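Enquirer: In case you want the letters, here they are:
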Amino acid sequence: MSVDLNMNVLIVDDYKTMLRIIRNLLKQLGFNNVDEATDGSAALQKLRDKEYGLVISDWNMEPMTGIQLLREVRADAKLKSMPFIMITAESKTENVIAAKEAGVNNYIVKPFNAATLKTKLVTVLGNF
Amino acid sequence: MTATVPPELVGRLSALQGRMQTVSREEIAEVVSALLSEMQGDLSEDNLKLYAELESLSRYITTAKSEIAALRPDEITAQHLPKATDELDAIVGATEEATNSILAAMETLEAAAGEMPPELGEKVTEAVTQVYEACNFQDITGQRITKVVNALKHIEEKVDALVAAFGDEIAKYKAAHPEEEKPAEEVKKPTDAELLNGPQLPDDASKQAEIDALLASFD
Chain H
529 MSVDLNMNVL
539 IVDDYKTMLR
549 IIRNLLKQLG
559 FNNVDEATDG
569 SAALQKLRDK
579 EYGLVISDWN
589 MEPMTGIQLL
599 REVRADAKLK
609 SMPFIMITAE
619 SKTENVIAAK
629 EAGVNNYIVK
639 PFNAATLKTK
649 LVTVLGNF
Chain C
4 MTATVPPELV
14 GRLSALQGRM
24 QTVSREEIAE
34 VVSALLSEMQ
44 GDLSEDNLKL
54 YAELESLSRY
64 ITTAKSEIAA
74 LRPDEITAQH
84 LPKATDELDA
94 IVGATEEATN
104 SILAAMETLE
114 AAAGEMPPEL
124 GEKVTEAVTQ
134 VYEACNFQDI
144 TGQRITKVVN
154 ALKHIEEKVD
164 ALVAAFGDEI
174 AKYKAAHPEE
184 EKPAEEVKKP
194 TDAELLNGPQ
204 LPDDASKQAE
214 IDALLASFD
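Quick note, the sequences are listed as chains H and C, same order. Under my numbering, residue 656 is the last one in the first sequence; the count climbs by one each step, no gaps. Under my numbering, residue 222 is the last one in the second sequence; the count climbs by one each step, no gaps.
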């Protein structure tokens, strides 16, 4: 099954430059419907208002962090199967374990490159 | 220990208190000697040693307080730490602004790549991607600087507590050294080393027009 490149993707990061970078890299890969949020609570609201096929989220944000967003998503009956990739500078083993236990689909450590992003997207969504 | 001071000694002390300006050293020594002889019956050797130690400790604390006050910890919280925090915030702001400019230029270039011959367009897109990747630095440095700012805030809280504890000593020190409160320019002209200020924070920096006006004022 090929990936629907027209799916809505939500990217979440409190750094506007990082949102811009991820958006541009996704655009290069063919994803054109990309929305942005700057923290977990704003992202959760968007996820409840519109249908998305993927969330790519930072960890360290206020007031709601990426891991809290992930837990909220997994606890929500409508959103619980949402593909969720964490992109973060938090690289400690304990962070990765916590994210995995919370139900993350994949984990990218900043700084990252375009090839890593594509590899993780293929792993989570399938080939495109 | 509860020693009762004999009425005769109380009378002599009261008499001395009434003429403090004219009391001789010999008179004071005589009264102190009499006081000590009255106390001896109530004080053991161990107690005297203990009092001596306490007196020594008290002197040590007083000296330490004066020395800490002389370090002016109030300046650290009032000037140095806020300045350091502002400088770090300025770094984050400047790198964010520069990164956005770079990204905007790259987006323009990437759009133009679509109008180029395929081979050239591909090379340009590849280079643009590398710039996008490199721009990750702004997020990473921003987060690192935020950690430093938080550490500085923690230090500021601790020094604030120190300043509160030593408030009287600092006030005494400032009263005894009033020249240190004067702005540097009132005291003397800046030295060459003092002129090495580095970049100013955006709000403090002179605009080119202001510098031109200043230069023109010398003509």
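The set of hints was computed from the structure by calculation and includes no laboratory data. Each hint should be verified, as a subset may be incorrect.
In silico SDA-like pairs for lysine to any residue, Cα to Cα no more than 25 Å straight-line [unchecked claim]:
| # | chain 1 | residue 1 | chain 2 | residue 2 |
| --- | --- | --- | --- | --- |
| 1 | H | 544 | H | 654 |
| 2 | H | 544 | C | 128 |
| 3 | C | 126 | H | 630 |
| 4 | C | 161 | C | 140 |
| 5 | C | 177 | C | 111 |
| 6 | C | 210 | C | 195 |
| 7 | C | 150 | C | 205 |
| 8 | C | 86 | C | 74 |
| 9 | H | 544 | C | 194 |
| 10 | H | 544 | C | 75 |
| 11 | H | 646 | C | 125 |
| 12 | H | 646 | C | 136 |
| 13 | H | 648 | H | 630 |
| 14 | H | 648 | C | 129 |
| 15 | H | 544 | C | 97 |
| 16 | H | 646 | C | 122 |
| 17 | H | 555 | C | 175 |
| 18 | H | 544 | C | 100 |
| 19 | H | 638 | C | 205 |
| 20 | H | 620 | H | 606 |
| 21 | H | 555 | H | 574 |
| 22 | H | 578 | H | 620 |
| 23 | H | 555 | C | 74 |
Some chain H residues well away from chain C (every beta-carbon gap over 12 Å; in silico) [what the hints assert, rightly or not]:
| # | residue |
| --- | --- |
| 24 | 530 |
| 25 | 532 |
| 26 | 541 |
| 27 | 542 |
| 28 | 547 |
| 29 | 567 |
| 30 | 577 |
| 31 | 580 |
| 32 | 581 |
| 33 | 586 |
| 34 | 588 |
| 35 | 592 |
| 36 | 608 |
| 37 | 615 |
| 38 | 616 |
| 39 | 642 |
Please read all numbers here as calculations on a predicted model, not as lab measurements. The beta-carbon is built from N, C-alpha and C at its ideal position, and this holds for glycine as well.
Enquirer: Decide, hint by hint, whether the structure agrees.
Expert: Status of the hints after comparison with the structure:
For the proposed pair residue 544 of chain H and residue 654 of chain H, the alpha carbon gap of about 28 Å is over 25 Å, so the pair is violated. Pair hint residue 544 of chain H plus residue 128 of chain C holds up; C-alpha atoms about 22 Å apart against a cutoff of 25 Å. In summary, the hint linking residue 126 of chain C to residue 630 of chain H is not supported, as the alpha carbons are separated by about 40 Å, beyond the 25 Å threshold. For a cut-off of 25 Å, the pair hint linking residue 161 of chain C to residue 140 of chain C is broken: about 32 Å separates their Cα positions.
For the hint pairing residue 177 of chain C with residue 111 of chain C, the CA-to-CA distance comes to about 59 Å; that exceeds 25 Å, so the pair is violated. With a C-alpha separation of about 23 Å, the suggested pair residue 210 of chain C and residue 195 of chain C falls inside the 25 Å cut-off, and the hint holds. Among the hinted pairs, residue 150 of chain C with residue 205 of chain C is consistent with the structure: their alpha-carbon atoms are about 22 Å apart, no more than 25 Å. Restraint check: the Cα-Cα separation between residue 86 of chain C and residue 74 of chain C comes to about 18 Å, which is no more than 25 Å; the hinted pair holds.
For the hint pairing residue 544 of chain H with residue 194 of chain C, the CA-to-CA distance comes to about 42 Å; that exceeds 25 Å, so the pair is violated. Restraint check: the Cα-Cα separation between residue 544 of chain H and residue 75 of chain C comes to about 41 Å, which exceeds 25 Å; the hinted pair is violated. At most 25 Å may separate the alpha-carbon atoms for a hinted pair to count; residue 646 of chain H and residue 125 of chain C meet this at roughly 17 Å. A hinted pair counts as satisfied when its Cα atoms are at most 25 Å apart, and residue 646 of chain H with residue 136 of chain C qualifies at roughly 13 Å.
As the CA atoms of residue 648 of chain H and residue 630 of chain H are separated by approximately 18 Å, the hinted pair is consistent with the 25 Å bound. A hinted pair counts as satisfied when its Cα atoms are at most 25 Å apart, and residue 648 of chain H with residue 129 of chain C qualifies at roughly 19 Å. Taken as a hint, the residue 544 of chain H and residue 97 of chain C pair is honoured in the structure, with Cα atoms around 14 Å apart against an allowance of 25 Å. The straight-line distance between the Cα atoms of residue 646 of chain H and residue 122 of chain C is roughly 22 Å, inside the 25 Å bound, and the hint therefore holds.
Pair hint residue 555 of chain H plus residue 175 of chain C does not hold up; C-alpha atoms about 66 Å apart against a cutoff of 25 Å. For the hint linking residue 544 of chain H to residue 100 of chain C, the alpha-carbon distance of about 10 Å falls within 25 Å, and the restraint holds. Taking the CA atoms of residue 638 of chain H and residue 205 of chain C, the gap is near 29 Å; set against the 25 Å cutoff, the hint is violated. Distance restraint check for residue 620 of chain H and residue 606 of chain H: the Cα-Cα separation of roughly 31 Å exceeds the 25 Å cut-off, and the hinted pair is therefore not satisfied.
A C-alpha spacing of about 20 Å is found between residue 555 of chain H and residue 574 of chain H, which places the hinted pair at or below 25 Å, so the restraint holds. Between residue 578 of chain H and residue 620 of chain H, the direct Cα distance comes to roughly 33 Å. Violation of the 25 Å bound is thereby established for this hinted pair. Distance restraint check for residue 555 of chain H and residue 74 of chain C: the Cα-Cα separation of roughly 57 Å exceeds the 25 Å cut-off, and the hinted pair is therefore not satisfied. Against the 12 Å criterion, residue 530 of chain H stays outside the reach of chain C, whose nearest CB is about 23 Å from its own CB.
Remark: the non-interface label on residue 532 of chain H is consistent with the geometry, its nearest Cβ contact in chain C lying 23 Å away (cut-off 12 Å). Not every Cβ of chain C is farther than 12 Å from the Cβ of residue 541 of chain H; the closest lies at roughly 8 Å, contradicting the non-interface assignment. Not every CB of chain C is more than 12 Å from the CB of residue 542 of chain H (nearest about 9 Å), against its label as outside the interface. Consistency note on residue 547 of chain H: stated as away from chain C, yet its beta-carbon is not over 12 Å from all of that chain's, at 10 Å minimum.
Listed as a non-interface residue, residue 567 of chain H keeps its Cβ farther than 12 Å from every Cβ of chain C; the least gap is roughly 15 Å. The beta carbon of residue 577 of chain H is kept farther than 12 Å from every beta carbon of chain C, the shortest such distance being approximately 27 Å. The beta carbon of residue 580 of chain H sits about 23 Å from the closest Cβ of chain C, which is more than 12 Å, so the claim that it is off the interface holds. The beta carbon of residue 581 of chain H is kept farther than 12 Å from every beta carbon of chain C, the shortest such distance being approximately 22 Å.
A cut-off of 12 Å between C-beta atoms contradicts the statement that residue 586 of chain H is not in contact with chain C; the least separation is 8 Å. Against chain C, the non-interface label of residue 588 of chain H is violated: not every CB pair exceeds 12 Å, the least being about 7 Å. Annotated as non-interface, residue 592 of chain H keeps its C-beta farther than 12 Å from every C-beta of chain C; the closest such distance is 17 Å. Remark: the non-interface label on residue 608 of chain H is consistent with the geometry, its nearest Cβ contact in chain C lying 29 Å away (cut-off 12 Å).
For residue 615 of chain H, the shortest C-beta to C-beta distance to chain C comes to about 10 Å, within the 12 Å cut-off, and the non-interface label is violated. Listed as outside the interface, residue 616 of chain H is inconsistent with that label: its C-beta sits roughly 10 Å from the nearest C-beta of chain C, within the 12 Å cut-off. Not every CB of chain C lies more than 12 Å from the CB of residue 642 of chain H, the least distance being 5 Å, so the non-interface label is violated.
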